[in-house]
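Protein chains: 2
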Amino acid sequence: MEKLIPLAKKVTWVRQPSPRVKYPPELSEEQASTLISDIKDYQLIHGSLLKLVQSEQDNTVLSQPVGISVFPTLFPKTLFEEALALQRTYNKLYTAVAEDEDFSFRVLEGLIENDPLATCLWGIYEEVKKEGSVQDLSLGIWRNDYMLDIGGSQNELGIKQVEFNTIAVAGGTHGNRVSDMHQHLQATGAYRGAPGEQDQTIEITASSLPPNNTIQTITSGLVAAHSAYGPPKAPSMKQTCILFIVQPHNFNIADERPLEYALWSSSPPIPAYRLLFGADVLEYTTVTPSRELIYHPPSRPGLALEVSVVYFRSGFEVHEYNYVGRTARLHLERSRAIKCPNLLGHLCTFKKVQQALSRPGALKIFLRKEEVDRIEKTFTPMFPLDESKKGMEGRKIATNGKVACDYVLKPSLEGGGHNIYGSAIPEYLKGVAKEKWGGYVLMKKILPPSLNGILMSQRGIYEGSIVSELGIFGVCLWRRNEGVGQEKAEIVKELAPSWSFKTKDASVDEMSVVKGYGCFDSPVLVDLPVFAAVAGWRTKH
Amino acid sequence: MEKLIPLAKKVTWVRQPSPRVKYPPELSEEQASTLISDIKDYQLIHGSLLKLVQSEQDNTVLSQPVGISVFPTLFPKTLFEEALALQRTYNKLYTAVAEDEDFSFRVLEGLIENDPLATCLWGIYEEVKKEGSVQDLSLGIWRNDYMLDIGGSQNELGIKQVEFNTIAVAGGTHGNRVSDMHQHLQATGAYRGAPGEQDQTIEITASSLPPNNTIQTITSGLVAAHSAYGPPKAPSMKQTCILFIVQPHNFNIADERPLEYALWSSSPPIPAYRLLFGADVLEYTTVTPSRELIYHPPSRPGLALEVSVVYFRSGFEVHEYNYVGRTARLHLERSRAIKCPNLLGHLCTFKKVQQALSRPGALKIFLRKEEVDRIEKTFTPMFPLDESKKGMEGRKIATNGKVACDYVLKPSLEGGGHNIYGSAIPEYLKGVAKEKWGGYVLMKKILPPSLNGILMSQRGIYEGSIVSELGIFGVCLWRRNEGVGQEKAEIVKELAPSWSFKTKDASVDEMSVVKGYGCFDSPVLVDLPVFAAVAGWRTKH
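One line per chain: the protein sequences are A and H, in this order. Heads up: the first sequence at position 435 corresponds to 435 in the working numbering, and the numbers run straight through without jumps. If you want the working numbering, it's the position in the second sequence, counting the first as 1, plus 1000.
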């Protein structure tokens, strides 16, 4: 049995009223203006950009830098390493869940009846199952989001899971670029405080900025799946390719394209094409009688390739599933191509799954005892809002403004953009029919330590209290097994986890990158006492 | 004595009225629209961009793709190789001229009296000379521009020199990126015509697209000069750095920044900083009594570095030389830093120098007989407009609309943006005082073969007749010698030449990238008969 990577010892801390150590360092006006200008130019040169919405014309398109943190942000080194170390166990958990039909159905039953997206996906799952699946490999490219938590009454600083994203996870490329940028700026001395100031702040050293290989990690996952698929099976096919299933008019193209370029630059090159979710899937792909997926690129007349991997960067929003969209997804799912994610894997992105896994004892069918303990440490209390006993408890909290203020209400959708926060919850629920309440989960708010930072996006330059989210990218390829529980999935290839790091104004609820609230960032890894001194605490062993 | 690289045999051709071979290939609508979209995204991701003028704010900036040729453009392989092979001889020529005060003064005398920029630069040269120079190394980063010429009555296809640029030469980075893009698109099959079409066009193969290493070539030149400078000479200095002297508000930053990044990424990293021409030079640099140039970066409080190389990406426009600008240039020129270019090297960019070198016999003081023959082949007839015998000949042509239409009138300025073309010359000269005529040169128009292409820039998408310019990047470091003629400069390090390639609508005179006329491109190298068949000619041996 493999050995788990040991985690850091538990550390508690107490509030420290004495003056905090200042971070980020104070810069002179000249230094600050050069830094700001260097950042914009670096972003422009390195594709750290968003297309300006509706600016695209045939011949040109406007773009602007994606939001970033001017300084990298302090983060406890031990907890960063803990998040990376935990990912192997999380991979084991989610591969098992993504192969566990019984568990998924039990958890999602209420949604499958009421939520159109869940209904649709489950329906496709059932249809494919009836016909029989011809592909037992699946690829997961996941982002496991954490926040630091000050640990409530226990005063134990730790990382808590915000959500686990399993489809079309974004930010890998942007995170990589911004991490590279922070490293470049550090190397050029851009963060060096003035000589007199240096003692009063935390120095950003090269070794305190962890390397970021997310583009390569994701690409390697796709390459591993492509290789595992092997040569074309259809008799007339000579070549295989990876198909990115994408959304139209994506102004966040800079997060996707570098993955394609990396595949084409592999040795040997792996053909990678983009195909719009929906009608184009049906127009330009065919499924052979033995269910190979054949792609006929409209931009390559006369060419046909067998698809090794279907990589969804779309198909996670209910409006995509009109009749044609549903038919297209079914068409892809029936095929022999390896899906990233598979259907049950996609369903794992529903918050109901996260909430179900957080129930005491839920993990033990998937993990060993010591694994369960590690993972459960990262959970924060969650409640369903259905008619179960636990659900009734949740309803009581959600409808009481006084207690609801410590909670977040989350619909079972991908991403975090639709959450309702704190005291707004009771009022919001008044507008939702009670039979729909089962689609929501209530999550205790994570309380991060208070840090300061400077953020820059199309919204402006913000200086003040900030909150960060650490996203761990888990990438693994697995094979469906006939076993039960944790035996249902056999991991074939697992990449070393990588990460992204996003920071926002602490007074804003949304982490939306597109709106310029969520800013890409990287952590400066520091020892706990140092982190505590900046956050206004001191550690206690 | 070193052996010259042999050049291609002379080939003549005749017009061929039969239908031409079609190039670029016909694409389906789907194929074309994917190609266009792929190009914009590639440019956005790879910094192949221009800032939108006046769009820069503290927190953000808009950018758009620089103009490009949708397809790479056909070019005769032998002539491309000839242009590269000739550069070694051109390097020898221009290093010698850039150390030949007598020659420069003779050629520029009229300008030094009348042209404010020449007056100013020569004055600085004299002042530095009087004090005595403390640096005998100079760096040249040159772009030698050629066009194909159909060869007049001789019908001998060849390359003719348009101009030789010696200061702040641009386009190296953009050219590199666009060449990489064309190679990427070729590799992905984006240029493959439909199966039925393939026989009727020229296939763009991977081997027909020459590699482009211009960013690395320029960087290597800067690194060579930096290394040759050696360790800091000033006692208190610990580190040397390269200083880019730049213009404010440069929206073509994407052509400069990658060179800085490449220097910082060297092993060991070479510090590279940007400093505005003019007042900032005087504010943030000092010259020690032993004339080391010390830079005190305002963005790095407490830091001071000795400058190894001053790389001018500014200082080529007369308006930069107000009192402060002139003082700043003198300040830099007095210093021990290696200049790129040195002052006489800068003056070589004046068209008068090009015209003087084109006079029969002019080259023989700098080059051996067989070198002279090679270089002179690339010259097109040029006339001064001064009161010399040759000048009076030039005036006769320039004032006669019937013959002037075959000529271009060029003021002695950097770049090609101020030229007067053909029949507009006589009228234009009426508005210029006769004593200023000596500042102009008259150059016979180069007549390129007619090709078709598709260009895309902020102006729109253009499909039709095109004209290209091949720029050969010559990079070399040399030492001033006490010899005469070709002995005046000893080349210490010479990089293999690299290139850029620009294409414009044949009906437009200007090659301006900024206005969206000049579009970055790369050559598809083909055999002469193939080239001729597309251009509507056939070769004759």
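These are calculated hints, taken from the structure and not from any lab test. Take these hints with a grain of salt, some might be off.
[To be verified] Dumping the calculated BS3-like pairs for lysine-lysine here, alpha-carbon to alpha-carbon at most 27 Å: (1) H/Lys1390 - H/Lys1436; (2) H/Lys1436 - A/Lys51; (3) A/Lys364 - A/Lys434; (4) H/Lys1369 - H/Lys1396; (5) H/Lys1051 - A/Lys51; (6) H/Lys1364 - H/Lys1003; (7) A/Lys364 - A/Lys430; (8) A/Lys77 - A/Lys396; (9) H/Lys1436 - A/Lys515.
Legend entry - Pair hint outcome, H/Lys1390 versus H/Lys1436 [Cα-Cα no greater than 27 Å]: holds, 16 Å
With a cut-off of 27 Å on the C-alpha distance, tell me whether H/Lys1436 and A/Lys51 pass. violated, 49 Å
- Measure nothing beyond the straight line between the CA atoms of A/Lys364 and A/Lys434; if it is 27 Å or shorter, mark the hint as holding. violated, 32 Å
Quick one, are A/Lys77 and A/Lys396 close enough, alpha carbons at most 27 Å?
Distance of about 39 Å is beyond 27 Å: violated.
Could you grab the alpha-carbon distance between A/Lys364 and A/Lys430 and see if it respects the 27 Å cut-off? It is violated: about 37 Å lies between the C-alpha atoms, which goes past 27 Å.
Exercise. Given the hinted pair H/Lys1051 and A/Lys51, is their alpha-carbon gap at most 27 Å?
Worked result: Between H/Lys1051 and A/Lys51 the Cα gap is close to 13 Å, so the pair holds against 27 Å.
Q. Are the Cα atoms of H/Lys1436 and A/Lys515 separated by 27 Å or less?
A. violated, 57 Å
For this session: Would you mind confirming whether the straight-line C-alpha gap from H/Lys1369 to H/Lys1396 stays at or under 27 Å?
Result: It is violated: about 32 Å lies between the C-alpha atoms, which goes past 27 Å.
Are the Cα positions of H/Lys1364 and H/Lys1003 separated by 27 Å at most? Satisfied, since the Cα-Cα distance of roughly 18 Å is no more than 27 Å.
This entry does not satisfy hints 2, 3, 4, 7, 8 and 9, going by the numbered hints stated previously.
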